[in-house]
Amino acid sequence: MKAKVVVMPKAAVLDPQGAAVREAMQHLGMREVKNVRIGKYLEIDLERDGADVEARLHKLCRDLLSNPVIEDYQLVKE
Amino acid sequence: MKFAVIQFPGSNCDQDCLRAINGLEGLSAEYVWHKATSLAAFDAIVLPGGFAYGDYLRCGAIARFSPIMNEVVRAAKEGRLVLGTCNGFQVLCEAELLPGALVRNRGLRFVCDMVRLRIEVPDSAFTRGCAQGTILRMPIAHGEGCYFADANTLRELNANGQVVLRYCDVTGATSPESNPNGSIENIAGICNSEGNVFGLMPHPDRACDTRLGSADGARIFLSMAEAILAGRSKAAA
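One line per chain: the protein sequences are G and A, in this order.
Position one of the first sequence corresponds to residue 14 (our numbering), numbered consecutively onward.
Position one of the second sequence corresponds to residue 2 (our numbering), numbered consecutively onward.
If you are wondering where the hints come from, they were derived from the structure by calculation, not from laboratory data.
Every residue gets a Cβ at the ideal spot worked out from N, C-alpha and C, and that includes glycine.
Careful: at least some of the hints might be erroneous.
Stated by the list, open to error - Covered, in the sense of this in silico footprint (three residues per stretch, anywhere, with C-beta under 8 Å from a C-beta of chain G), are these stretches of chain A:
no.: 1; segment: 51-62
no.: 2; segment: 102-110
no.: 3; segment: 113-124
Just chain A, with the same shape it has in the complex (with noise of 0.2 Å):
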């Protein structure tokens, strides 16, 4: 199971990306330069966070446009999987892969913590084997994760079961107290209406070990590995 971590200029969770996906049984990742074009060899794809071409002009806008875009896009419309996770996910917005945008954190602050997260979509590519309302914990950083759709894009979002994760509080409340940025509805997470791609602002890729405070993020990562071959099985079938 190959899994493609992107490194854009400006990329730096690239390195955590590849440590907890090879860190993983039955799972491998290697880089990939953003100036490559061919995506062919790999089962999954992973934009990970850092600050590519040092979010100029807008969080993901100018690397949106690097070659391997075409590929990502290319292989998101296959319907391979594809996650996003914090820059990660904003170049995915940009790309228009995801709906919605990625604004300034409504406090102005970079935010860095520990938050938890309610799953509300069980039987995702990216969450199978969680149940509904399940709880993990994993880490955030950054200045920009406050979630932005319209109304329109928000009611579709809810009504075609999108909104795959939102920040709660110990109970799995998702108050305003819980909400590290004032993403709408306390959106952390979303997938396209297809279901194989996947942004969200937390760090599965910080969170799985235990000795770093969680390893709730491995969740992600296996859950992906149990998709593809599920979906290898069928094809054979």
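One chain only, chain G, in its complex shape (with noise of 0.2 Å):
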């Protein structure tokens, strides 16, 4: 079983790196490009499911794998 998380920086936080990414973009000649923001991306293989193995996923994401003060999250389980 695998989960796949996903933590992206919040649209109040400053993201300078996906600032820089953007501008860069444009000067390659993307101008279409309005707005990049970077976050993570995390792929987790687990050994087995269980029923509660979800809710503690969740519990991890909230307290280790994102800070919600300036990301969210989301958990996909495959």
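Reassemble the complex: the two chains are provided individually, in unrelated frames, and hints are given to aid placement.
Pasting the structure below:
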């Protein structure tokens, strides 16, 4: 079983990396680029699924994998 | 007066902190490894700068789960003084002992410089004897020191007098030019609502000797010692 977690900076948080990449893309001719936000993507392999696995993963997403002050996360199980 | 200097794997200002504190009269410091499980022997606790756990995931994100952090949280709740400098500040925010978070510098660059800091809270346990508006000079060295807090948190910090230090220019004005990392409202250091946990991005530990450019950092450690003594005499009376 695999869990995929995407962590993104909240809209209110400055993302200077995203701004720098946006400018580079525009500089390379991609004028259509309006905005870029950079986050993190985690792939987590799990030995087995269980009734409480998803709830425990969500807890760790909040406590460890993301910081709710500055980031939002999405968790998808496959 | 015994200070604990916590060593995480990746701390690199632990020696600076130990040396700075041991160089002050009446103060002594000892290292405490992050796997230790007691801080009972110490009057105050310092989380030093560095790159705990390589700053993997986020600065301070993994360090906050080190075994010693249970004791740091316990000591903070008991009212003991806790100081976090640079990476230590990031750990305190991740551990939710301080509100807000520290994110990538606005200019994306690692900034290594001497900065000026305006004291906003003259009577805190960490700034005793420094009048409001006093300007301290200390070095900074960080890539992720841009302080962020949402609007509500920011309002509370200001209303409760928790913003202890702001980056300023030579006249004491908090201009955008004197803000080295894009921190919201030029915030350089904050304390918790109880006033016993303080985090700042600048390095008081690297500013305890005029031969190194400034001795202003010593005022933070000496203030802590004074506050502890005052607390003891209050308890005795």
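Is the coverage entry for the segment 102-110 of chain A by chain G consistent with the three-residue Cβ rule at 8 Å? holds (count 7)
Claimed coverage, the segment 51-62 of chain A by chain G - three or more beta carbons nearer than 8 Å: holds (count 3)
Three residues or more, CB to CB closer than 8 Å: is that satisfied between the segment 113-124 of chain A and chain G? violated (count 0)
Checked against the numbered hints given earlier, the structure breaks only hint 3 and satisfies all the rest.
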